[in-house]
Structure formats: C-alpha cells, structure tokens
Amino acid sequence: MTTGVLIYCFDTPRFKYHKLAQRCVAQIRKYLKLEITVVTDFETFKCFDPMGIINYKLVEPTKNNHRFYRGKNVPWHNRERSMAYEHSPYDITILMDCDYFVFSDHLLEMSQTDFDIMLHNRVSDITGKNMIEGVYESCLPLVWATVTLFKKNQNARAVFEMIKHVQEYYSHYRNLYRIKYTNYRNDYAFAIAMHQSGVGTYIPTAMSMLASDVDVIDTDDSTIVFSHKGQVNFIKDRDVHVMDKEWCDG
Amino acid sequence: MYNTDMDIGKIKKLSKIAFDIAQAKRNALEGMRSRQVMAYNERLFLADAHTINLVSTLKQHRKDFHVLDVNDNPCHIQDPEDFLSRLIERNQETLNNYQQIHKDLAKRGQ
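Protein chains in written order, with this note's numbering: chain A, 1 to 250; chain B, 1001 to 1110.
Zero decoy hints are in this set.
Far from chain A, some chain B residues (derived; all Cβ distances over 10 Å):
{"no.": "1", "residue": "ILE1011"}
{"no.": "2", "residue": "HIS1050"}
{"no.": "3", "residue": "LYS1059"}
{"no.": "4", "residue": "GLN1060"}
{"no.": "5", "residue": "ARG1062"}
{"no.": "6", "residue": "LYS1063"}
{"no.": "7", "residue": "HIS1066"}
{"no.": "8", "residue": "ASP1082"}
{"no.": "9", "residue": "SER1085"}
{"no.": "10", "residue": "ASN1091"}
{"no.": "11", "residue": "GLN1099"}
Here are the simulated lysine to any residue pairs, SDA-like style, with alpha carbons at most 20 Å apart:
{"no.": "12", "chain 1": "B", "residue 1": "LYS1010", "chain 2": "A", "residue 2": "VAL232"}
{"no.": "13", "chain 1": "A", "residue 1": "LYS180", "chain 2": "A", "residue 2": "ARG79"}
{"no.": "14", "chain 1": "B", "residue 1": "LYS1016", "chain 2": "B", "residue 2": "ASP1104"}
{"no.": "15", "chain 1": "A", "residue 1": "LYS152", "chain 2": "B", "residue 2": "GLU1042"}
{"no.": "16", "chain 1": "A", "residue 1": "LYS245", "chain 2": "A", "residue 2": "ALA26"}
{"no.": "17", "chain 1": "B", "residue 1": "LYS1016", "chain 2": "A", "residue 2": "ASN233"}
{"no.": "18", "chain 1": "A", "residue 1": "LYS229", "chain 2": "B", "residue 2": "LYS1010"}
{"no.": "19", "chain 1": "A", "residue 1": "LYS236", "chain 2": "A", "residue 2": "THR219"}
{"no.": "20", "chain 1": "A", "residue 1": "LYS63", "chain 2": "A", "residue 2": "CYS47"}
{"no.": "21", "chain 1": "B", "residue 1": "LYS1025", "chain 2": "A", "residue 2": "MET207"}
Stretch by stretch, here's where chain A covers chain B in the computed footprint (C-beta under 8 Å, at least three residues):
{"no.": "22", "stretch": "1012-1023"}
{"no.": "23", "stretch": "1026-1040"}
{"no.": "24", "stretch": "1069-1079"}
No lab work stands behind these hints, which were simulated from the structure alone.
The model shown is predicted, which means the values in this text are computed figures rather than measured ones.
Idealized CB from N, CA, C, for every residue including glycine.
Start from the sequences and build out the full structure, keeping to the hints where you can.
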C-alpha cells in the first residue's frame, strides 16, 4: 500500500500560492516523511524553488471562481480538487490545501486506520474568537475539505464522482441546501457529496485554524506566532490551517 | 462601594494577560486531546481516562473483547495487555506535555 500527500497549488494574480506550498512541503517532509505530488499549472510550476524529489502533475485550472479575502474579491482556482481521485497516484492519499501546515505526525496516524474518506467536521479558532464558523450559512452538516484522506476504493470513487456532479450542478445544490455563498466552495461540494452518498467518516479532532484576519508574524518548524488586533500568541506542535495567504511572501 | 481609584490601564493589562493565558490553556488542552487520538488495529481511539478504565476493566474479565472506536466502529482487541500499555503510554505522554505548558502558563500569570 502506498501512502502519499496530494497538494493543489495555483498562483493567482493576487497570491503567490507556490510560496505557501513550498513551506507546506517542508513541513510534510519533516513530520510525515511521505511522498508528495503537487498538482499545478505551468506558470506556477516555473516559480517553484528546487524542492528535491516531488511529483508534479501539470493541469490547466478553471479560472472562473472568486472568494472574499480581507475586504476584497479575489480570484480562486479551486475547482480541480474534484479530480483528486484520478490525480492521486497513491493507494492512500492525504489531500491537503497548500495553506495547511503539519507540525505533528497526526495525519500519519489517521492514515493507518480503516476508512473510505475522512475529513474534519469541526474547527477550532486558535484565537478563541470564533471567527471561522458563521451561523445560518446552509442547512447541511458542514465538513472541511482542507484535509481529506481517502483510499482508492469503490466508496471513495463514488464520493468523488458525486463531487464532480455537485460541481457541475452547483447552483441547483446551492439552492437545495440553502447555501448562503454564491461562489463555489469545495467544503460544501464535499459536504453535499457525503450527505448524498452516506459515505465517509470524520477526523475525531477539530481542525485548528487561523482566520484570514489573523497575521502570522513568525514561525519556526514547530511553532507559529500570530497576532490579531494587537494580541500576540503562539501555537506549537499542532497542525494548522492558516488563512493569511501572504505570510510566506517575505 | 466600588473602588473608584482603580487604574483602568492596569486592569486592561491584567485582563489581556488573563485572556491570553486562558486562550493558551484552551489551545494546549485541544492539542493534548488531539495527540491522544491513536490508531490501533486500523481503528481510532482516544487515549483518555474513559478508554483506559474501560480496557482495564474488560481486561480483568476477558482474554479478548470488542470495543467501539471514536467513530463507533467495533474493534476486536486480542491483546489487551498491549493495547492498555499503548493507551497509558500515549495518555501519559500527552499529560506530561500539558503539565509542562501548564507550569509555563502559571509563571506567565504571576
């Protein structure tokens, strides 16, 4: 059985996602020690520093989606993730956002268990200000597609087929589940697919997150120091989803 | 009567420290619980007091037994001794870490 990490990374006019991906890869190498595949486009591929042995898969992303970030609407190339089942060369895949940083071997432990597809259904705002989860945003048990573990089997394949279907008819499913946001979000597509197919389990711990308003001010390979409205704190030895997209820009 | 001579700047400072410590403690606890999740026989278990007590009790009455994991999937425990020792090891590892953080936080509060 092969286990590896699959990362999607496409630079946009606003953000240099490849810089986040480079840091993400360094953390994976240190804590998970797994093979890594990066799905990217040629423009982003040219920007990567040499990172040793990495598998690259070059695709052309669909570029018609946007997201809200710090008061602005910015381009967001997130639709290729529905192809993760086909893109992954591994029997067990840890599909990860390039802004998710591992600081423990927690995911390795998860990957050694029996599941079809597994992801977080709870989040923990590290600042303690509950800025992540909104209320009345949909009538759907929400999951977070930031980290998704899946195996190459019939059930996982069925979920990914369902995700593609949801993506194609997203406006219908958005109305059906009364989703507040008009843009396409993988979190909702994955949640709808899991809800419709009845397949999948949840990672038993909440995903630690730093909201987009939180600035990362310093890091080393085990700690992230962050600041929000003048309050500075740190988190150590815990995997974190950092929504500040510019902290690696230097 | 309220003490109207209190320095608001000092109160704000104390309040900020208290908030930071409470938050750091909450994060440390969350981290501890996250680290307590362990894989065994392809299932996931929380190495907390509840699981340790359950396994310890069942071990006294059965050579092998079934327990539910965190996702309510059954798991056949064939070597309770091994399972229990792993649970205790992970539990104590996480609690030792938490104890260290707790000590540091107590110093910050002084």
